[in-house]
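**Student:** Once you have looked at the hints, place chain B on chain A.
Chain residues, written in single-letter form:
2 protein chains.
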Amino acid sequence: MTHPMYSASVPVFKQMLTALSELLKKAEVHVTEKNIDPNALLQGRLALDMFPLVRQVQIAADFAKGISSRLAGVDVPSWADTEVTFDDLQALIAKALAYIGAFEAAQFDGSESKEIVLRPGTPKEKKLAGTAYLYNYGLPQFFFHITTAYAILRHHGIEIGKRDYMGAY
Amino acid sequence: MTHPMYSASVPVFKQMLTALSELLKKAEVHVTEKNIDPNALLQGRLALDMFPLVRQVQIAADFAKGISSRLAGVDVPSWADTEVTFDDLQALIAKALAYIGAFEAAQFDGSESKEIVLRPGTPKEKKLAGTAYLYNYGLPQFFFHITTAYAILRHHGIEIGKRDYMGAY
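Protein sequences appear in the order of chains A and B.
Quick note on numbering: our numbering labels position 4 of the first sequence as 4, and the sequence is numbered without any gaps.
Quick note on numbering: our numbering labels position 43 of the second sequence as 43, and the sequence is numbered without any gaps.
Note that these hints are calculated values from the structure, not bench results.
What you are looking at is a predicted structure, and each value in this text was computed from that prediction instead of being measured.
Please note: incorrect hints may appear among the correct ones.
Identical chains share a label here; the pair holds if one copy fits it or two copies do between them.
No more than 30 Å apart at the CA atoms, straight line, and that leaves these computed lysine-lysine pairs for DSS-like [stated by the list, open to error]:
| no. | residue 1 | residue 2 |
| --- | --- | --- |
| 1 | Lys65 | Lys34 |
| 2 | Lys114 | Lys162 |
| 3 | Lys124 | Lys114 |
| 4 | Lys34 | Lys124 |
| 5 | Lys114 | Lys126 |
| 6 | Lys114 | Lys26 |
| 7 | Lys26 | Lys127 |
| 8 | Lys34 | Lys126 |
| 9 | Lys34 | Lys127 |
| 10 | Lys95 | Lys65 |
| 11 | Lys34 | Lys114 |
Chain A on its own, in the form it takes in the complex:
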């Protein structure tokens, strides 16, 4: 039996978060070798009114956690977003990977038609079926933050390439 909602979410999050962890390791090596203040990169942005690298990583982890939880029908755990250092970000990614890794594919069965409510109780509340929530909302958001994290690193001279972004597939 196939589990399309699982296959399109948890293994993809694992792939990309694992790749992001490797990207950040290369970035840390780079700033260490060049005697660069790590915060210059961790707080680096593509535009003044865009989030810095640390926040991009936090949001990517948050979407992996939130999408997986909502599709599986479990409460979304709240994490504090207190990360500051490369070590903190690695710990966050490891925590996210452990969290999503605990889901069984069968927990996602039937989530295609599950009603997911975005921003409940707010004027921007929006109801989506599970498929639209995953394909048209969740994945575009998740990939946005993964790619933007990569772009911040590339823009600031870290020697990485598309292969690093893609990870193992």
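**Tutor:** For chain B alone, kept in the frame of chain A given last:
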């Protein structure tokens, strides 16, 4: 009956390419109003060894075309990638939207287990099942180039936001 392989591809490409078209319209208005050479933006990059905006749009359109074709089991049409201007890019996006819009959802049924060969006949040849091809290869690539196009625009001061990136969902 649901068509997960179709739902996770064609409608997502439509959503994101339509949003990209709107992003580029805003960008063109911006450079026109500010008397900026449009090529400064069209050839803008996040790093010297990354592709410029024009190429990011071409590759995004290319993945939408290629992924849809391969999953549906039809030959991938070859397009010339000769775009230079904003009008060219709008025409390319319109062409891609018309092309993928012609697929029927049922053409994607069974593509989960279809073998897709990447870079056939080269040392980097890689065979993937349809699900891995879509979820773990195609979508990460497609979103990479859509997000990077967005990031180039944001980095160069175009007044757009996440809502514009997301489009209608």
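**Student:** Which of the listed hints are not met by the structure?
**Tutor:** 1, 4, 6, 8, 9 and 11
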